[in-house]
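Peer 1: Construct all of the structure, not just a fragment, from the sequences and the given hints.
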Amino acid sequence: MDTLLSRITTNPAQCGGRPCIRGMRVCVRDVLDLLEAGLSYDEVLADLPYLERDDIRAAIAFAAA
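Note that the working numbering has the sequence shown beginning at 1129, numbered continuously upward.
Cβ-Cβ distance ranges computed for the label pairs, FRET-style:
| hint | residue 1 | residue 2 | range |
| --- | --- | --- | --- |
| 1 | R1150 | A1192 | 13 to 23 Å |
| 2 | A1141 | G1166 | 26 to 36 Å |
| 3 | E1171 | P1140 | 28 to 38 Å |
I should point out that these hints are in silico values taken from the structure, not numbers from a laboratory. None of these values were measured; they are calculated from a predicted model. From the three backbone atoms N, C-alpha and C, an ideal C-beta is built for every residue, glycine too.
Peer 2: This is the structure we're talking about:
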């Protein structure tokens, strides 16, 4: 679990300080919104090809923490 959560970063100068995936300008909330809209992991990865499957898992784990 800690390994997954290490993929989540925050930087006050990036995305308004919101939690992001691996320092990229992809917010955890953006990933969760796609999942809530009904997209599968594969569809999220197709829309955001620079993400990895563990990034999606990390976003979910972060939200659950």
